[in-house]
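No gaps in the numbering here: position 60 of the sequence shown is 82 in this note's numbering, and each next residue is one more.
Because the hints were derived from the structure by calculation, they are not lab data. A couple of the hints might just be wrong.
The following label-pair restraints were derived from C-beta to C-beta distances [unchecked claim]:
id, residue 1, residue 2, range
1, G209, E188, 18 to 24 Å
2, R213, H68, 33 to 39 Å
3, P25, A197, 45 to 51 Å
4, A197, R129, 17 to 23 Å
Fair warning: this is a prediction, and the values are worked out from it, not measured in the lab. Backbone N, C-alpha and C fix where the C-beta goes; we use that ideal spot for every residue, glycine too.
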Amino acid sequence: MQPFDRVVLIFNPNSTGNASGLAAELSDELARRQPDLSVMLQQTKHAGHAHDLARDAALTGSPLLVSVSGDGGYNEVVNGAMQSGNDAVVCAVLPAGNANDHRRATREQPLADAIVTGSVTRIDLLRLTVGGSSPTTTYAHSYIGLGLTPAVAVDLQKGGKGSVKEALTAMRAFAHFRPFEIQLENGSRQRFDSIVFANISE
């Protein structure tokens, strides 16, 4: 028996990869190989929209939410699914972005094959809660970084894609970055350049 009752492909038509084409190809392949399985394509219209689409799709039934994107789009889908509170939701990523660390580190078989066979592997998520009286919680499928790691990531988003642009952006982030201090439970303070909590091996 299938662990999901439908597939929702969420994609950014303006991704650095061919998300629209890859979503259509997967939809066509699933229609051919598993014609009884309902497949819906939903394109994002703005940053954060994948989160909302995933949350809304996850509110009922046991959907498979496929983010046709890079790690950023997948992160939105995972957070939307978690916000729904539905434990029957399954999330997957079809790589179509600039960074695809999660898929590269966790891939066991082609996604279409996994969908047709109903193969699901559960993973842990990282949870980060920030704030005092009204805390905000976010989830990460791959890693959470503090310090230099997110500083470079934010600058990369602003600086554009491409090897040369990315190298220049990373060097600029290194030049402007200052270490940060963390107070430990025992009251002592330590300085760090970067702290990374990882859920994948890369």
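Verification of the hints:
no. : hint                      : verdict
1   : G209 <-> E188: 18 to 24 Å : 40 Å, violated
2   : R213 <-> H68: 33 to 39 Å  : 38 Å, holds
3   : P25 <-> A197: 45 to 51 Å  : 48 Å, holds
4   : A197 <-> R129: 17 to 23 Å : 35 Å, violated
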